[in-house]
Each structure stands twice: as C-alpha cells, then as structure tokens.
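Asker: Okay, here's what each chain looks like letter by letter:
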Amino acid sequence: MKKYINPIGAGVILGIALFISFIIAGQGMGASGAFARATAQIAYTIDPDFANNAYAGKYLKSGNALINWTVIEVIGIFIGGFISALIAKRIKPEITRAPNYSKTKRLIFAFLGGVLVAIGTRLARGCTSGQALDGAAAMSVGAWIFMLAAFGAGFLVAFLFKNQWKGFK
Amino acid sequence: MGRVISIVGLILIISAGVLAAVSVDYETQLKKQQEISFKYIKNAKEALEKGDKQQAIKFIKMAIKSYPDNKEAYKLLEQIYKSESSVKETKPLQPTKPQKPAATEEEEEEELGC
Amino acid sequence: MDVVFPLYTSGFLDSTTNLWLALLIGIMFGFILERAGFSTSAHIAPLFYFRSTLVPKVMVAAITTTATLIFLGVVFGYIDFNNIFIPSTYVWAYLVGGLIFGVGMVMSGWCPGTAVTGVATAKIDAIFFLLGLMFGMFIYFYLYDAYEALREFANSANLGKFTINKLFNTPDLRVAYIATLVMSFGLLAFMIVMKKIADKKGDE
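Protein chains in written order, with numbering that gives the first Met the number 0: chain A, 0 to 168; chain B, 0 to 113; chain C, 0 to 203.
What the hints contain is simulated information worked out from the structure, not anything from laboratory work. Watch out, some of these pointers could steer you wrong.
When the alpha-carbon atoms are kept at most 27 Å apart in a straight line, the in silico DSS-like pairs for lysine-lysine are as follows [to be verified]:
#	chain 1	residue 1	chain 2	residue 2
1	B	Lys81	B	Lys52
2	A	Lys165	C	Lys199
3	A	Lys60	B	Lys74
4	B	Lys60	B	Lys30
5	A	Lys165	A	Lys88
6	A	Lys161	C	Lys165
7	B	Lys52	B	Lys74
8	C	Lys165	A	Lys2
9	C	Lys165	B	Lys30
10	C	Lys199	A	Lys104
11	A	Lys102	A	Lys165
12	A	Lys165	C	Lys195
13	C	Lys160	A	Lys161
14	B	Lys30	B	Lys70
15	B	Lys64	B	Lys44
16	B	Lys49	B	Lys64
17	C	Lys160	A	Lys165
18	A	Lys91	A	Lys165
19	A	Lys2	C	Lys194
20	B	Lys60	B	Lys70
21	A	Lys60	C	Lys160
22	B	Lys30	B	Lys44
23	B	Lys30	C	Lys195
24	C	Lys160	A	Lys57
25	B	Lys60	A	Lys57
26	C	Lys194	A	Lys161
27	B	Lys74	B	Lys57
28	C	Lys160	B	Lys70
29	B	Lys60	C	Lys160
30	C	Lys199	B	Lys64
31	B	Lys60	C	Lys165
32	B	Lys70	B	Lys81
33	A	Lys60	B	Lys81
34	A	Lys165	A	Lys104
35	A	Lys165	C	Lys165
Selected chain B positions facing chain C (in silico; Cβ < 10 Å) [what the hints assert, rightly or not]:
#	residue
36	Val3
37	Ser5
38	Gly8
39	Ile12
40	Ala20
Heads up, the beta-carbon is just placed ideally off N, CA and C, and yes, glycines get one too.
Chain A with its partners taken away, still in its complex shape (with noise of 0.2 Å):
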C-alpha cells in the first residue's frame, strides 16, 4: 500500500481540478445530483408515470436523465478513484468499520446514513462537493449554511455512532 499524499496539498491540486471544472464547464463538481437522476431515471424505467413527479419530473423532461454534465463526471469520479486505487494497490474488498463490530450492522447505518444524505442534498441542492465545496469556493453564503449545519449535526450525533469508528486512528 502507499502512502496517501499530505492532505494540504492533496486540497490545492483539488482546488486547482475545481478551478478548471469551473472555467471550462462554469460549474464545480458534483456527485448527489447524479444519483438523484440515476434514481428518476430507473422510476421512470418502471413507472412512466414517474415523469410526472413534481420534483423527478424537471430531470425527466429533456427525454434522458443520464445524459447530463454531473452524471458524466460522476462516471469520471468512479474511473479517476479506481485507477488511483489500482496504482496504490488499495483496492480490497472490506466492510469499513471498528473491529468486531457487528458487519450487518454497520452496513444497515451505512444504508440509512445513505438515505439521510439523500434526502439532505435534495433540501440542500447538492452534497459536500456540490454544495459545500463548490458554493464555498464560489463565495457563497448557503454553501456555509449547509456546511455549518452539517459539521454541527455530526458533532452533535457523533457519540450515538461511537462503536462503529472505535479504534480508528
């Protein structure tokens, strides 16, 4: 395994990468907007119906949800993590969490985290990439409403989670 690269610099090549996302695309990057399509676009697969949907309905209405600036740069994020993974050597099948810690049930917080998240980005209009970081970045005051609320939250909750992360360094 190699080392991860120092975190101060490992942040301004990312910002450097944001910069340039920003000037070609006018955007910064995302990543929950892309699964939000993902989502409509498989409801819409079983359900037509679905174009309808109040929110659903406005990725629905140019024909694909998938064809889409996010979508395809999520793709690249999938591709860009693996193939860094690939020359490290870090790519291990696991379940991250404390050791001895019940597997089922790190996997159901991870699942209803999942959900949480989900419904935070869509009230939020974006994650911790596309809100967060990109709005920061930006210089926009929501971006550190949402950062703020959500540092504090996890503060706030983080002891009920303790045991999953014990041990961890």
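For chain A, the structure is supplied; the task is to place chains B and C on it using the hints.
Answerer: Same frame as chain A, now just chains B and C:
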C-alpha cells in the same frame, strides 16, 4: 518534504489573492466587467458575420448582464431584431432590458447544479 | 475571438465537448479524492470525533485555492462571474438539509462523492450507502410530489445567487473573498484546536 511544499504553495496562492484584494479597488472590478462586456459584443459581431443570430443574441445578453449600460449592446440587439422582422415580415420584437433574471433562466440554472 | 471564461456558459464551447470534458474533470476529481485518502470512511468518520483533521485540511486548502483563482480571474477580467454557477441560497432548506445531511454522514461515514471512490476501491459499505442514497432520493421525490408543505418549505427564503459580499450590502467581490479566507481558516483552526483537546483527553 511534501508537507512543506504544500503549505508554501498554498501560502503563495493565497498571497497572490490577498495582494490583488489590497491593490484592486471596486472601480477596477467594474472596469474589467465592462471589458468583458465588450468582448461579448465583439464575439456577437463575429457570430453575426457567420450568420449565427441565435449565438449573437446570447452574447449580447451576457454583455448586458455584465454591463447593463452598454449602449452598443442595445444598438446591436435592435439591429438584429429589425433585420429579422424585415426578412420574416413578422412583428418586431422589442429589445427589452432584462432588469431581473427571468423565471425560465432561473430554472435553467437550477438544472446545471449538483 | 476574445474568449471569456467559463468557456461553456459563456458560449465558447458546445455542449457535447463540455460533456466529454466532464469525464476528464471527474477523473481528476476521483483520482485526487482517492490520493487524499477519501476512499475509506475510516478517514472521514474520525472528523466528527476530532480525531483527524484530514477532511477540513483538504477542504479548506481546496476552497481557498479555488476562491483565490476565481477571484484573480474576475479582477483581471478573464472570468465572467455572472456565468459561474452558484446554487441559489434557500436559507431554511439549507439549514435543515445540512442538519439531516450531517447526521447521515456520521451514521454512514460517507458522502456521495467519496462513496463513489469507495465503490471504486471495493468498499461494501460504500455500495450500501449509495443504495441508501438512491432509496432516499426516491423517498424525497415521493414526499416532494405528495406534500405541498414540503415544496413550500424547500423553496422558501430564496435569496438567489447570494455571495458573501451581498450579506454586507456591497457588490465588491473583495469582501466575499476575504470573508471566505477568514471563514475557511477559522474552521480549520477550530478543528485543529479541537483535535489537540481530544488528543489530550486521549480516551480511545
């Protein structure tokens, strides 16, 4: 080693920003915005020469957005609409000054995001 | 042709090319996230226990770097700030959305972007997170469609494209830039101090 380079790099970038913030006042910012506006006008004219009216109108709208008092932009817009109406013999469209972003524009922006 | 940035939203790039470039931008993003160690929740969750300053370090360095470059681009007249996409600020929806998001993040140890790199490195919990994410999206679509109250709440208190300088009633972008620096490094300093305190306490 990597740590030192990283921190120095970040400090250098931010110093450049702070230096700019100290030396560039608001008037200069406005002037730069006007320059951008005239860049759009130039591009609009080039698009017109190529016969791409739609693109030209897009450029002019952005020119007005970055410099709402750009007279050249309104003149050019009027020209386009006039020539359009004489060709198609339809009702001339009124070049209106976009005071606030229209609702449709807002929606379009929402689409871009995460 | 006098090019204005951003290329796509200023009309200098067609949408097909823009979509192809999105793939490249995504690859860069994913690569860096994985390099920084964001492909495992073991590096993200400790943030909430003040055990690690990795996340705030990367975020603050990225935010300040990008904000600086954008600011320079704007004041030197290369970037049209009007064409930089900034999501409209919906105060209450962002606050509540952020709170829910934070709970979900500490519960799962992931956020959407990092989970994608997590899946790329075969983390099973990341797969479950993304499944939950899509299920949550579906729930939200359903609730949004069914309840007028949610639609109203989600779209209330819209301040539009609200950069920090507008909070101070000035169009001067310098204010927003300096405020961004202060907020970012304030956050980082807070996290570093909290970690020092947590380290001193030293229980697990």
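Asker: Determine for every hint whether it applies to the structure shown.
Answerer: For each hint, the structure was consulted:
{"no.": "1", "hint": "B:Lys81 - B:Lys52", "in the structure": "12 Å, holds"}
{"no.": "2", "hint": "A:Lys165 - C:Lys199", "in the structure": "17 Å, holds"}
{"no.": "3", "hint": "A:Lys60 - B:Lys74", "in the structure": "36 Å, violated"}
{"no.": "4", "hint": "B:Lys60 - B:Lys30", "in the structure": "18 Å, holds"}
{"no.": "5", "hint": "A:Lys165 - A:Lys88", "in the structure": "25 Å, holds"}
{"no.": "6", "hint": "A:Lys161 - C:Lys165", "in the structure": "40 Å, violated"}
{"no.": "7", "hint": "B:Lys52 - B:Lys74", "in the structure": "15 Å, holds"}
{"no.": "8", "hint": "C:Lys165 - A:Lys2", "in the structure": "43 Å, violated"}
{"no.": "9", "hint": "C:Lys165 - B:Lys30", "in the structure": "20 Å, holds"}
{"no.": "10", "hint": "C:Lys199 - A:Lys104", "in the structure": "31 Å, violated"}
{"no.": "11", "hint": "A:Lys102 - A:Lys165", "in the structure": "14 Å, holds"}
{"no.": "12", "hint": "A:Lys165 - C:Lys195", "in the structure": "18 Å, holds"}
{"no.": "13", "hint": "C:Lys160 - A:Lys161", "in the structure": "38 Å, violated"}
{"no.": "14", "hint": "B:Lys30 - B:Lys70", "in the structure": "15 Å, holds"}
{"no.": "15", "hint": "B:Lys64 - B:Lys44", "in the structure": "17 Å, holds"}
{"no.": "16", "hint": "B:Lys49 - B:Lys64", "in the structure": "23 Å, holds"}
{"no.": "17", "hint": "C:Lys160 - A:Lys165", "in the structure": "41 Å, violated"}
{"no.": "18", "hint": "A:Lys91 - A:Lys165", "in the structure": "21 Å, holds"}
{"no.": "19", "hint": "A:Lys2 - C:Lys194", "in the structure": "22 Å, holds"}
{"no.": "20", "hint": "B:Lys60 - B:Lys70", "in the structure": "12 Å, holds"}
{"no.": "21", "hint": "A:Lys60 - C:Lys160", "in the structure": "24 Å, holds"}
{"no.": "22", "hint": "B:Lys30 - B:Lys44", "in the structure": "21 Å, holds"}
{"no.": "23", "hint": "B:Lys30 - C:Lys195", "in the structure": "47 Å, violated"}
{"no.": "24", "hint": "C:Lys160 - A:Lys57", "in the structure": "20 Å, holds"}
{"no.": "25", "hint": "B:Lys60 - A:Lys57", "in the structure": "25 Å, holds"}
{"no.": "26", "hint": "C:Lys194 - A:Lys161", "in the structure": "16 Å, holds"}
{"no.": "27", "hint": "B:Lys74 - B:Lys57", "in the structure": "15 Å, holds"}
{"no.": "28", "hint": "C:Lys160 - B:Lys70", "in the structure": "26 Å, holds"}
{"no.": "29", "hint": "B:Lys60 - C:Lys160", "in the structure": "18 Å, holds"}
{"no.": "30", "hint": "C:Lys199 - B:Lys64", "in the structure": "54 Å, violated"}
{"no.": "31", "hint": "B:Lys60 - C:Lys165", "in the structure": "23 Å, holds"}
{"no.": "32", "hint": "B:Lys70 - B:Lys81", "in the structure": "17 Å, holds"}
{"no.": "33", "hint": "A:Lys60 - B:Lys81", "in the structure": "33 Å, violated"}
{"no.": "34", "hint": "A:Lys165 - A:Lys104", "in the structure": "14 Å, holds"}
{"no.": "35", "hint": "A:Lys165 - C:Lys165", "in the structure": "43 Å, violated"}
{"no.": "36", "hint": "Val3", "in the structure": "14 Å, violated"}
{"no.": "37", "hint": "Ser5", "in the structure": "8 Å, holds"}
{"no.": "38", "hint": "Gly8", "in the structure": "9 Å, holds"}
{"no.": "39", "hint": "Ile12", "in the structure": "5 Å, holds"}
{"no.": "40", "hint": "Ala20", "in the structure": "5 Å, holds"}
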